[in-house]
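Peer 1: Here is how the chains run, residue by residue.
There are 4 protein chains.
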Amino acid sequence: MKTETERPACDYQMAIRVYWEDTDAGGVVFYANYLKFFERVRTDWLRDLGLSQETLRKLGKGMFVVSDLQMRYLRSARLDDQIVVTTLLVEQGRVSLVLKQQAWRQDELLAEGQVRIGWVCPAEPGANTATGAFKPGRIPEDILKLLPVRQS
Amino acid sequence: MKTETERPACDYQMAIRVYWEDTDAGGVVFYANYLKFFERVRTDWLRDLGLSQETLRKLGKGMFVVSDLQMRYLRSARLDDQIVVTTLLVEQGRVSLVLKQQAWRQDELLAEGQVRIGWVCPAEPGANTATGAFKPGRIPEDILKLLPVRQS
Amino acid sequence: MKTETERPACDYQMAIRVYWEDTDAGGVVFYANYLKFFERVRTDWLRDLGLSQETLRKLGKGMFVVSDLQMRYLRSARLDDQIVVTTLLVEQGRVSLVLKQQAWRQDELLAEGQVRIGWVCPAEPGANTATGAFKPGRIPEDILKLLPVRQS
Amino acid sequence: MKTETERPACDYQMAIRVYWEDTDAGGVVFYANYLKFFERVRTDWLRDLGLSQETLRKLGKGMFVVSDLQMRYLRSARLDDQIVVTTLLVEQGRVSLVLKQQAWRQDELLAEGQVRIGWVCPAEPGANTATGAFKPGRIPEDILKLLPVRQS
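Residue numbers (this note's numbering), protein chains in the order written: chain A, 1 to 152; chain B, 1001 to 1152; chain C, 2001 to 2152; chain D, 3001 to 3152.
The set of hints was computed from the structure by calculation and includes no laboratory data.
In this text the structure is predicted, and so the values were computed from the model without any measurement.
Heads up, the beta-carbon is just placed ideally off N, CA and C, and yes, glycines get one too.
Do not take every clue at face value.
What the hints assert, rightly or not - Label pairs and their calculated CB-CB ranges:
(1) Lys3145(D) / Val2090(C): 54 to 64 angstroms
(2) Glu3108(D) / Ser1052(B): 11 to 21 angstroms
(3) Leu2146(C) / Glu3141(D): 49 to 59 angstroms
Stated by the list, open to error - Here are a few chain A residues that sit away from chain B, every Cβ distance over 10 angstroms (derived from the structure):
(4) Glu6
(5) Ala9
(6) Thr23
(7) Phe30
(8) Ser52
(9) Thr55
(10) Arg78
(11) Val90
(12) Gly93
(13) Asp107
(14) Glu108
(15) Gln114
(16) Arg116
(17) Ala133
(18) Arg138
(19) Leu147
Stated by the list, open to error - In silico lysine-lysine, BS3-like type, Cα no more than 27 angstroms apart, as pairs:
(20) Lys3145(D) / Lys2058(C)
(21) Lys1061(B) / Lys135(A)
(22) Lys2061(C) / Lys3145(D)
Bound conformation, chain A alone (with noise of 0.2 angstroms):
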């Protein structure tokens, strides 16, 4: 169970202080919730790159949706700690995007994962997307043009 002690760079980052709701009657953040700390960072991160989710149903008519994601929990965050989640994007795909994410509590590495995310638009152009459903597709060039580029 080692813990990195130096904070690898990031394409973004987000301070999150923990409430009530966050935690469970072991005293720590329930193992859930740090895919919601997760989630509020990539999407700040797309915003913060044009992307609202407005921008997204505008550029493409569709969205991100998680395909996939591995975590590892190392070190409980608490009632009232603030932490650092980062997000590094570390795959470029047509269809997907793979994110390195982490939570950090100072020099702490708390919980880490590698999450992807698919494009899907309505199966049916069209269709209420609160009831219709989604099929996956390719990135819009409009969104992958605004996306970071890495050396590889």
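Given the coordinates of chain A, work out where chains B, C and D should sit on it, guided by the hints.
Peer 2: For chains B, C and D alone, coordinates are given in the frame of chain A:
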């Protein structure tokens, strides 16, 4: 801080187990989560009357939303507790219903509330319910006639 | 269903962004989640007064818990909305405080509530707070003197 | 994105109804909430083996916590869906267990995950579990002997 010792009659009740997700670092069920429990019971009560969410959308092109509520918290539910949550229709109007709801652990009243749910339908017919606006309206007759009749 | 158009004075306010986790299939913030937002603001207001959860435990060996509340839901917050949640101390007793809290989107009042928080401390001194019982008690003087004084 | 069409054998399963609280503005179950469903089933599986949270505390003075997990999301659950969530013990070590868990809607696999839960006990005996630290340790024999035996 009195707790009634006899469970009054109700229209519908449901056993709910308390899991880690429901608790907070105080070791008890987080206060907002009783509203989740109450919503589950209202939804199952409506479904039991033949009014699933899908039927509501078909019959009335709308749904019920909470417009106001009062809550009293008397005793705390804890991890692993098996509680019983009840609902009773106490007021039936043309645009809203009022439900009295309680959470019990055996003969201990833990929390109780009064919840007004109002009928809303899309502000523009055929609008995308995920993004469009809703406006209050009269509860459709096909729904009203399925509700329990009270003598008054 | 009136919405006040001027934001009244308050003791503390906080900007809150609406994320996916806060919304439901109706496309709006789930009604129980306003109680999460209100709790965040109460906690930060107390922290701002010098009363972090840790300080509360040290000063008073106890904590505040919600004993009753009223909520009114006027308009819906949606994904990506930036809202402002306020809190105002409207009643200060020896065993409880009453706070008026509101959620605003610019000049639209979305929801408002009145929340009574009562002081509780372990029923037996030194008990494990995760498993032991709590009992209501007088708010410690060291806490009372940090609260804003109101003319009445 | 394949979906298996036959539900494999498992150690324990549980029907779970999707309520408003579980969904998000995309009209589907929010991705973090499958972790809540999986936790409910693990807890009920342990309880069914005679290992309620209270028994775990008594037998071993500790509890299981999630140390790592992988998730795959294949299809979306929606409001009112009745799903079945399963759990299967696939690895039993001295300090942790690995469970394979799946969520099904009839013959459609919606999501699946592999979850490692490790045993932790208070770092200092008799510490307040709400505020004290935990450390990993060997799963107590009294707990191990209640787990299903696998041929290997």
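Peer 1: Could you tell me which of the numbered hints above are not met by this structure, giving the numbers in increasing order?
Peer 2: Hints 6, 7, 10, 20 and 22 contradicted; others consistent.
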